[in-house]
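Student: Listed below, chain by chain, are the residues.
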Amino acid sequence: DAGVIQSPRHEVTEMGQEVTLRCKPISGHDYLFWYRQTMMRGLELLIYFNNNVPIDDSGMPEDRFSAKMPNASFSTLKIQPSEPRDSAVYFCASSSPQGLSGANVLTFGAGSRLTVL
Amino acid sequence: DQQVKQNSPSLSVQEGRISILNCDYTNSMFDYFLWYKKYPAEGPTFLISISSIKDKNEDGRFTVFLNKSAKHLSLHIVPSQPGDSAVYFCAASGRGSQGNLIFGKGTKLSVKP
Numbered sequence: 040d041a042g043v044i045q046s047p048r049h050e051v052t053e054m055g056q057e058v059t060l061r062c063k064p065i066s067g068h069d070y071l072f073w074y075r076q077t078m079m080r081g082l083e084l085l086i087y088f089n090n091n092v093p094i095d096d097s098g099m100p101e102d103r104f105s106a107k108m109p110n111a112s113f114s115t116l117k118i119q120p121s122e123p124r125d126s127a128v129y130f131c132a133s134s135s136p137q138g139l140s141g142a143n144v145l146t147f148g149a150g151s152r153l154t155v156l
Numbered sequence: 457d458q459q460v461k462q463n464s465p466s467l468s469v470q471e472g473r474i475s476i477l478n479c480d481y482t483n484s485m486f487d488y489f490l491w492y493k494k495y496p497a498e499g500p501t502f503l504i505s506i507s508s509i510k511d512k513n514e515d516g517r518f519t520v521f522l523n524k525s526a527k528h529l530s531l532h533i534v535p536s537q538p539g540d541s542a543v544y545f546c547a548a549s550g551r552g553s554q555g556n557l558i559f560g561k562g563t564k565l566s567v568k569p
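Those protein sequences? They're chains A and B, same order as listed. Count along the first sequence from 1, then add 39; that gives the number in my numbering. Count along the second sequence from 1, then add 456; that gives the number in my numbering.
No lab work stands behind these hints, which were simulated from the structure alone. Owing to the predicted nature of the structure, the values given are computational and were not obtained by experimental measurement. It is possible that part of the hints are untrue.
In silico DSBU-like cross-links for lysine-lysine, where the CA-CA straight-line distance does not exceed 35 Å [unchecked claim]:
{"no.": "1", "chain 1": "B", "residue 1": "Lys512", "chain 2": "B", "residue 2": "Lys524"}
{"no.": "2", "chain 1": "B", "residue 1": "Lys512", "chain 2": "B", "residue 2": "Lys568"}
{"no.": "3", "chain 1": "A", "residue 1": "Lys117", "chain 2": "B", "residue 2": "Lys461"}
{"no.": "4", "chain 1": "B", "residue 1": "Lys461", "chain 2": "A", "residue 2": "Lys63"}
{"no.": "5", "chain 1": "A", "residue 1": "Lys63", "chain 2": "B", "residue 2": "Lys564"}
{"no.": "6", "chain 1": "A", "residue 1": "Lys107", "chain 2": "B", "residue 2": "Lys564"}
{"no.": "7", "chain 1": "A", "residue 1": "Lys63", "chain 2": "A", "residue 2": "Lys117"}
{"no.": "8", "chain 1": "B", "residue 1": "Lys461", "chain 2": "B", "residue 2": "Lys510"}
{"no.": "9", "chain 1": "B", "residue 1": "Lys510", "chain 2": "B", "residue 2": "Lys564"}
{"no.": "10", "chain 1": "B", "residue 1": "Lys564", "chain 2": "B", "residue 2": "Lys512"}
{"no.": "11", "chain 1": "B", "residue 1": "Lys564", "chain 2": "B", "residue 2": "Lys524"}
{"no.": "12", "chain 1": "B", "residue 1": "Lys524", "chain 2": "B", "residue 2": "Lys510"}
{"no.": "13", "chain 1": "A", "residue 1": "Lys63", "chain 2": "A", "residue 2": "Lys107"}
{"no.": "14", "chain 1": "A", "residue 1": "Lys107", "chain 2": "A", "residue 2": "Lys117"}
{"no.": "15", "chain 1": "B", "residue 1": "Lys461", "chain 2": "A", "residue 2": "Lys107"}
{"no.": "16", "chain 1": "A", "residue 1": "Lys117", "chain 2": "B", "residue 2": "Lys564"}
{"no.": "17", "chain 1": "B", "residue 1": "Lys527", "chain 2": "B", "residue 2": "Lys568"}
{"no.": "18", "chain 1": "B", "residue 1": "Lys512", "chain 2": "B", "residue 2": "Lys461"}
A few chain A residues that don't get close to chain B, going by computed Cβ distances all over 10 Å [what the hints assert, rightly or not]:
{"no.": "19", "residue": "Glu53"}
{"no.": "20", "residue": "Lys63"}
{"no.": "21", "residue": "Ala111"}
If you want the ones that stay clear, here's a sample from chain A, every Cβ over 10 Å from chain B, calculated [stated by the list, open to error]:
{"no.": "22", "residue": "Val51"}
{"no.": "23", "residue": "Pro123"}
{"no.": "24", "residue": "Leu145"}
No residue lacks a Cβ here, since even glycine has one placed at the ideal position from N, Cα and C.
Isolated chain B (complex conformation) (with noise of 0.2 Å):
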């Protein structure tokens, strides 16, 4: 049973609009959620982090936001760039700085010029 789902396998964006990615969780008992963001041929690299006791975390282009009640968080990147052409998988964390990192399948962006 998937504890973190990503259910959009792809997402196609105009550049220069809003690219949203979303992901859901099965467990409330995650307390740091984690985007990465994987280009083919390279491992993935972390992007930006959310805590479960905040609700939006910003940085740069890039902004997380939680929906705890909803076990819903999502990725919003503005605006986009044809260089943010990537897979971005979500991962969840049940013991903060420690243990593993649950992911979900991923969602392919593409930004189009």
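Next comes chain A alone, as it looks inside the complex (with noise of 0.2 Å):
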């Protein structure tokens, strides 16, 4: 498997924009996380899924964001308008639940880094 893959990897774009993130996680698994990793805040959960079902989406930051699974190989976060402060890094991660005797390992893929001017 290719692992997570996530595009684009580097968006540049100008404050007002609208932005979508795309995410293919790893065939078989059933969760898929959406995080953002800025230098105040580290890495924070957005949303997730399972099944292809938001289970929490109260990491998103406020209305201009919104995520969609619409299958269970692809996924979108989009900001729309976006603005400045939505500068960062957002990973996309998915994982397959272990039973009841592991740990929920998250596979990440390698970012989408935006710059919002």
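Please dock the two separately framed chains into a single complex, following the hints provided.
Tutor: Laid out in structure tokens, this is it:
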């Protein structure tokens, strides 16, 4: 498997523009997570899905952010309109439950670095 | 309020010596703890985990120790190598194999040759 695939790797946009980040999880993984990394807040969870259904979106900063998972192999994170404070690295991760005896090991993509001017 | 804290933003160690990375947590309901390693321009990669019912887990040069009464865990790397230079994240899970991980802010380890 190629791992978790994210695109684009880098995005530079102007304030007010719509940004769409994409993620392809590992085949067979039924959990998908979106995290954001900033210097101030570190790695923070935005939203996660189980079997394509959003389970917890309490980390989504505001209504400008939305995430979808139309099928098991694709998810998007949209920011509309974007603002300079949204500049960060956005990571997608996926996992498959290990049953009752294991930790939930997330496999991360390489991230999408967003710069909003 | 941060539930997982890594109070040292950086650590510098000589090659061959021991690196000790520390992590504190506040929620006694966490049942698994994980360490991830991150190189620049890459995503975090899983390193080692420990269940809350254990106090030590070892994998090669990496050992994680858990002190539940102190709500503290540490990652020991022995011997340290220059390739270990990276940012190390501590993470905690509240529901075992389901649910999200809560991460600390990371500690940047530099191993000097």
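Student: Confirm or reject each hint.
Tutor: Status of the hints after comparison with the structure:
Of the pairs offered as hints, the one joining B/Lys512 and B/Lys524 holds, with about 11 Å between alpha carbons and a cut-off of 35 Å not exceeded. Of the supplied pair hints, the one linking B/Lys512 and B/Lys568 holds, its CA atoms being roughly 27 Å apart against a limit of 35 Å. For the given pair, A/Lys117 sits about 29 Å from B/Lys461 by alpha-carbon distance, which is consistent with the 35 Å threshold. For the hint pairing B/Lys461 with A/Lys63, the CA-to-CA distance comes to about 30 Å; that is within 35 Å, so the pair holds.
Simply put, A/Lys63 and B/Lys564 have alpha-carbon atoms about 29 Å apart, close enough for the 35 Å limit, and the pair holds. Taken as a hint, the A/Lys107 and B/Lys564 pair is honoured in the structure, with Cα atoms around 33 Å apart against an allowance of 35 Å. Distance check on the hinted pair: A/Lys63 and A/Lys117 sit about 15 Å apart at the alpha-carbon level, within 35 Å; holds. Between B/Lys461 and B/Lys510 the alpha-carbon distance is near 20 Å, which keeps this suggested pair within the 35 Å criterion.
For a cut-off of 35 Å, the pair hint linking B/Lys510 to B/Lys564 stands: about 26 Å separates their Cα positions. A threshold of 35 Å between alpha carbons decides the hint, and for B/Lys564 with B/Lys512 the separation of about 23 Å falls inside it, so the pair holds. For the proposed pair B/Lys564 and B/Lys524, the alpha carbon gap of about 25 Å is at most 35 Å, so the pair holds. Under the criterion of a C-alpha separation no larger than 35 Å, the hint pairing B/Lys524 with B/Lys510 is consistent with the structure, at around 9 Å.
About 12 Å separates the Cα atoms of A/Lys63 and A/Lys107, which keeps this hinted pair within 35 Å; it holds. Proximity of A/Lys107 to A/Lys117 is assessed by CA-CA distance (about 9 Å); at most 35 Å being required, the pair is judged to hold. Restraint check: the Cα-Cα separation between B/Lys461 and A/Lys107 comes to about 31 Å, which is no more than 35 Å; the hinted pair holds. Only pairs whose Cα atoms come within 35 Å are accepted, and A/Lys117 paired with B/Lys564 is accepted, the gap being roughly 30 Å.
Using a Cα cut-off of 35 Å, the hinted pair B/Lys527 and B/Lys568 holds, with the two alpha carbons roughly 31 Å apart. Distance restraint check for B/Lys512 and B/Lys461: the Cα-Cα separation of roughly 20 Å lies within the 35 Å cut-off, and the hinted pair is therefore satisfied. At roughly 24 Å, the least C-beta separation between A/Glu53 and chain B is larger than 10 Å, which holds for a residue marked as non-interface. With 10 Å as the threshold on Cβ separation, the claim that A/Lys63 sits away from chain B holds: the shortest Cβ distance comes to roughly 13 Å.
Consistency note on A/Ala111: stated as away from chain B, and its beta-carbon is indeed over 10 Å from all of that chain's, at 17 Å minimum. The Cβ of A/Val51 lies farther than 10 Å from every Cβ of chain B, with a closest approach of about 16 Å, so its non-interface assignment holds. Against chain B, the non-interface label of A/Pro123 holds: every CB pair exceeds 10 Å, the least being about 22 Å. Here A/Leu145 does not stay apart from chain B, with its beta-carbon only about 6 Å from theirs, under the 10 Å limit.
When each numbered hint is compared with the structure, a violation occurs for hint 24 only.
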